[in-house]
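As a plain string of letters, each chain reads:
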Amino acid sequence: MSHSESNPLRRELARSPQAGPHPDSNLLSAFAEGALLERERQDVVAHLAACVDCRELLSLATGAAANPVAASRPFLLPRSAHPPLRTWLAWASIAASILVVCSAGLVYKQKLELKQRATVAAESAPVPPFTTIQQPKSPPPAESNAIIGKATRAPGQLKAPLRSKESTAEATAGQRTAVAQRELEASQQNSPTQSAAVAPAIAADSVAKAPALDQMNSAFANTMTARALSSASKDAGATRPHWRIDSMGQAERSFGNGAWQPVLPNESAKMLVISVFDSQVWLGGENTRLYRSSDNGNTWILVPLPMKNGGEHGIVHIRFQTQASGVVEASDGTSWTTTDGGVSWQ
Amino acid sequence: MLPASQTPAECPLGSVVDGAIARRYGESGAESYGITAEHFHRIVAAVAVRYAANLSEAERVQLVASLRVEELVLARACAAGIEVAWNVFIPRFQAALHATACHLTGDQASGRELADGLNADLYGIPNSEGRRISKLDYYMGRGSLEGWLRAVLARQHIDRCRSHANDVSLDERIERGASFAASPQPVAPAINDRLPVAIAQALAGLSHEERFLLASYYLDQRTLADIGRQTGMHESTVSRKLDRLTATLRKRVRRCLLTAGVTPRRCDEMLRELDVRDIDVDVAANLRQERSAGTF
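Order-wise, the sequence lines are chains A and B.
Numbering-wise, my numbering puts 328 at position 328 of the first sequence, and it's gapless, one number per residue.
Numbering-wise, my numbering puts 150 at position 150 of the second sequence, and it's gapless, one number per residue.
Treat the hints loosely; a few may be bogus.
[To be verified] Beta-carbon label-pair distances, calculated as ranges:
{"no.": "1", "chain 1": "A", "residue 1": "P21", "chain 2": "B", "residue 2": "E70", "range": "40 to 50 angstroms"}
{"no.": "2", "chain 1": "A", "residue 1": "P21", "chain 2": "B", "residue 2": "R160", "range": "15 to 25 angstroms"}
{"no.": "3", "chain 1": "A", "residue 1": "P21", "chain 2": "B", "residue 2": "A204", "range": "52 to 62 angstroms"}
{"no.": "4", "chain 1": "A", "residue 1": "W91", "chain 2": "B", "residue 2": "T223", "range": "18 to 28 angstroms"}
{"no.": "5", "chain 1": "A", "residue 1": "C102", "chain 2": "B", "residue 2": "E57", "range": "35 to 45 angstroms"}
{"no.": "6", "chain 1": "B", "residue 1": "E70", "chain 2": "A", "residue 2": "L112", "range": "58 to 68 angstroms"}
{"no.": "7", "chain 1": "A", "residue 1": "W91", "chain 2": "B", "residue 2": "V49", "range": "17 to 27 angstroms"}
{"no.": "8", "chain 1": "A", "residue 1": "I94", "chain 2": "B", "residue 2": "N127", "range": "52 to 62 angstroms"}
{"no.": "9", "chain 1": "B", "residue 1": "A46", "chain 2": "A", "residue 2": "C102", "range": "49 to 59 angstroms"}
{"no.": "10", "chain 1": "B", "residue 1": "A65", "chain 2": "A", "residue 2": "C102", "range": "40 to 50 angstroms"}
{"no.": "11", "chain 1": "A", "residue 1": "P21", "chain 2": "B", "residue 2": "A37", "range": "48 to 58 angstroms"}
{"no.": "12", "chain 1": "B", "residue 1": "R240", "chain 2": "A", "residue 2": "L112", "range": "37 to 47 angstroms"}
No lab work stands behind these hints: they were computed from the structure.
Just so we're clear, the structure is a prediction, and the values are computed from it rather than from any experiment.
Note that CB positions come from ideal geometry on N, CA and C, so glycine has one too.
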């Protein structure tokens, strides 16, 4: 085979420097097997870079090692062209890949199961968006408190992820959700009898799943807690009303039949928060509107709040520690407290 | 019994190296061939003296530790004509020898002929003094005995090819109808004088290993798998290295040209001629270049 060297780079490459003495067969075979000391290897490589003869010899020798006839006999097997570590690494990488895929599948399956549980529970005991919390009529728990966030209009969309998404979109609603979560936890701590006695199965399930829930968003955890309380109230009485605030700021009530009715149809101010404590239902909204109902929302009383910091405020937080003492907060931080069940405010 | 001439006289390797050699006696299986510890020491010391002349003591110990002493004593025992050793050698390496020879020559008959020739050399041919000289005496235990046998076979195959090429006269070949095309004249490209200088500078900056890769792939037309087998790398690694090398080389040549005052546009024009992949090379001429040096 004869070719022309018309390429200047190849010409320069072929114009090798002085190659020096040829390495013997011992060194060449040891080089191919990676058995040389580093210094010797450098010398052999330097020679090979400049010597076509030795490159040809090396190629013939290693090529013969790779021929299948020789490889078919166990004792004729040439030493592996690659170090044993590489073979080990190849198997290890395959095993690691399988492990990763299996782990991902398990995690996905676990999440799917949790999601399905949440969906099934939400469908069996529908919880409106932003957790309307119901309290049992009799016997009333010792201490319970909840704040309900702003709701969306779509009544059919009750799934936790949707609520979570929307709450993210609306900052104020998200804050209320977080407050509700904290207060629900406090409520559970303050009334262990309620959560353990009224809804033992679901509450226990929620507690058992706590590590897994840590990985999910707070809205989902909130839903799980609300589901426990919702289920508890369902057990205690079938006529517990559900509460929500739609996107227009209207407070609505439902008795679990899917129909939602506005409870204050003539109120033009937007409602921002609902709080249920024992038999008392509190509604807070724009223009410093604060309503109270003692009969599950059949009748409402407008509770006047003393003027503070000038102008009107939007009530966004309602927290009662006992039936008599509670705090109402506006979005700008203005707060009112009562120690007599809302008769007087300071 | 090994002939005394096979072992060197005094070899000042140091006590540490001597200790390292002594530690390898047990694993060599030399006893089964009747080789004593003293003889074993001489055999290994001869190898160490041959290859470790310029090495530090630590490197000598490393060298001794890397030797394939079991195959080394087998080779020395065979060379000494010990029957037990041949009984081990023949079933272990004979078939491999024939398979390698057949692979090299491409047919069974030539392969057998090549392998038989080497077998005779391995057994030993009496010299003028009547003493048998075996080729196995030249095995030093650096790599595997099988690898060494392959290398020796490959070398003999090349020698046979070259000698046979000279057996047939030009007249005979012409009578048989062979025709000889005029060797193509290298096309003298109209290139800037500064280009070869820049290329030489860029190539001078390459390491030996990089140069070996470039030469194997672009000059010798070896496949990636071939180069991978020779260097112990996977062929995809060789491919990546070659890609990086060519890219680096072009950058270096361009930089050299720019430094020499060539305009960037002219640089690009000249570099278009430098694609080593699309132009062939006179391999035979390169083979002829390196045929003068002796062995070390």
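Structure-based check of all given hints:
1. Between P21 (chain A) and E70 (chain B), the C-beta spacing of about 29 angstroms breaks the proposed range 40 to 50 angstroms.
2. Taken as a hint, the range 15 to 25 angstroms holds for the pair P21 (chain A) and R160 (chain B), whose Cβ atoms sit roughly 23 angstroms apart.
3. Look at P21 (chain A) against A204 (chain B): about 22 angstroms separates their beta carbons, and that is not inside 52 to 62 angstroms.
4. Under the hint 18 to 28 angstroms, the C-beta atoms of W91 (chain A) and T223 (chain B), about 26 angstroms apart, fit the expected range.
5. A C-beta distance of roughly 52 angstroms is found between C102 (chain A) and E57 (chain B), which places it outside the suggested range of 35 to 45 angstroms.
6. Range check, E70 (chain B) to L112 (chain A): about 59 angstroms between beta-carbon atoms, so the 58 to 68 angstroms window is met.
7. Checked against the hint of 17 to 27 angstroms, the C-beta distance between W91 (chain A) and V49 (chain B) comes to roughly 42 angstroms, which is inconsistent with it.
8. Here the CB-CB span from I94 (chain A) to N127 (chain B) is close to 56 angstroms, well matched to the stated 52 to 62 angstroms.
9. A hinted range of 49 to 59 angstroms holds for the C-beta pair A46 (chain B) and C102 (chain A), which are about 57 angstroms apart.
10. Judged by the Cβ atoms, the range 40 to 50 angstroms given for A65 (chain B) and C102 (chain A) holds: they are separated by roughly 42 angstroms.
11. Checking the proposed 48 to 58 angstroms range against P21 (chain A) and A37 (chain B) shows it is violated: the Cβ atoms sit about 34 angstroms from each other.
12. The hinted window of 37 to 47 angstroms between R240 (chain B) and L112 (chain A) holds, with their beta carbons roughly 41 angstroms apart.
Comparing the model with each earlier hint shows violations of hints 1, 3, 5, 7 and 11; every other hint is respected.
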